[in-house]
Amino acid sequence: MKRSLQFLVISIIALLAAQSVAAAPGSPALDAAIAATKPHDLSVWTMFVNADIVVKIVMIGLLLASVATWTILIAKTIELKRARERVTTAIRRLSEARGLSEARLALGGGDRLTQALLGEATREMKLSSDILAAPGVKERIAACFAEIERAEALSIKRGTGLLASVGSTGPFIGLFGTVWGIMNSFIGISKAQTTNLAVVAPGIAEALLATAIGLFAAIPAVLIYNHLARQATSYLELVSNLAGELLRIVSRDLDRAGQASTNKIHAAE
Numbered sequence: 003m004k005r006s007l008q009f010l011v012i013s014i015i016a017l018l019a020a021q022s023v024a025a026a027p028g029s030p031a032l033d034a035a036i037a038a039t040k041p042h043d044l045s046v047w048t049m050f051v052n053a054d055i056v057v058k059i060v061m062i063g064l065l066l067a068s069v070a071t072w073t074i075l076i077a078k079t080i081e082l083k084r085a086r087e088r089v090t091t092a093i094r095r096l097s098e099a100r101g102l103s104e105a106r107l108a109l110g111g112g113d114r115l116t117q118a119l120l121g122e123a124t125r126e127m128k129l130s131s132d133i134l135a136a137p138g139v140k141e142r143i144a145a146c147f148a149e150i151e152r153a154e155a156l157s158i159k160r161g162t163g164l165l166a167s168v169g170s171t172g173p174f175i176g177l178f179g180t181v182w183g184i185m186n187s188f189i190g191i192s193k194a195q196t197t198n199l200a201v202v203a204p205g206i207a208e209a210l211l212a213t214a215i216g217l218f219a220a221i222p223a224v225l226i227y228n229h230l231a232r233q234a235t236s237y238l239e240l241v242s243n244l245a246g247e248l249l250r251i252v253s254r255d256l257d258r259a260g261q262a263s264t265n266k267i268h269a270a271e
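Sequential numbering from 3 applies to the sequence shown in my numbering.
Hint data in this document are derived by calculation from the structure and do not stem from the laboratory.
In this text the structure is predicted, and so the values were computed from the model without any measurement.
No false leads were slipped in.
Cβ pair distances, simulated, as ranges:
id, residue 1, residue 2, range
1, Thr48, Arg232, 32 to 42 Å
2, Arg84, Val51, 41 to 51 Å
3, Arg86, Arg258, 31 to 41 Å
4, Ile55, Glu87, 46 to 56 Å
5, Asp132, Ser170, 51 to 61 Å
6, Glu87, Ala214, 38 to 48 Å
7, Ala145, Ala214, 48 to 58 Å
Derived SDA-like pairs: lysine to any residue, alpha-carbon spacing no greater than 25 Å straight-line:
id, residue 1, residue 2
8, Lys140, Arg125
9, Lys140, Leu109
10, Lys128, Ile93
11, Lys159, Ile226
12, Lys128, Arg254
13, Lys128, Ala145
14, Lys140, Ile150
15, Lys83, His229
16, Lys128, Glu247
17, Lys159, Glu81
18, Lys159, Asn243
19, Lys140, Ser242
20, Lys128, Lys140
21, Lys140, Ala99
22, Lys128, Asp113
23, Lys159, Val69
24, Lys83, Gly112
25, Lys140, Ala153
26, Lys159, Arg232
27, Lys83, Ser242
28, Lys159, Val224
29, Lys193, Val51
30, Lys128, Gln117
31, Lys83, Leu238
32, Lys58, Thr171
33, Lys58, Leu210
34, Lys159, Asp113
35, Lys128, Ala259
36, Lys128, Ala153
37, Lys83, Ala153
38, Lys140, Glu151
Glycine residues also receive a C-beta, built at the ideal position from the N, C-alpha and C atoms.
Whenever a hint applies, use it, and build me the whole structure from the sequences.
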């Protein structure tokens, strides 16, 4: 990246330094210099329209990446907000539940995540109904919860990989467009046989616009990626708390089952 920027700066300095070369009277260079004295429209739109087709493709690609970045921000913000509210509500409802039966009543229909956790706990309790006093039951349920948490982490982070890609490659893609544009500027200079700044400046400006758009796409992508990563981590901590709350409820049921088994043994004696 450093060498590429050095090349870009050296190329621009070479173009500007060449202004000291004077055009001979009556030469095409003099005609081009006279024509260059006319004012140029260097608005962003005009530079885009006048840019080379390759540079245009680079700019359009970067702009689409920027649109995708802001779309992901909006979509993920809404998704995380709703998910956090659902999990927080579920934790609050489970706080007073004494067992899985009360937990099912407290959660009602529930959302996909809470139903998955509750379903796994209920399924394992049924499969282990004859060995509920064994310590492995709680461990198996905890393992099931861990799998659900990993799946939820993958789900909530889906789409953020694009932000990392845009943030890391955007400046380089923009730099590619700039280098390509400067190459075309050199070719234009050789054809016009002049290095007058008024002739060179539009081509350089069009080339640099690609780098500017690359930074415009990359910088927000990096910031948004870090923001969503923090939000996702906070949400996954709530998911872990929800799983822990359900595991405590399961532990109570297991302790009751173990106590009931012990009472039966004592009664039989």
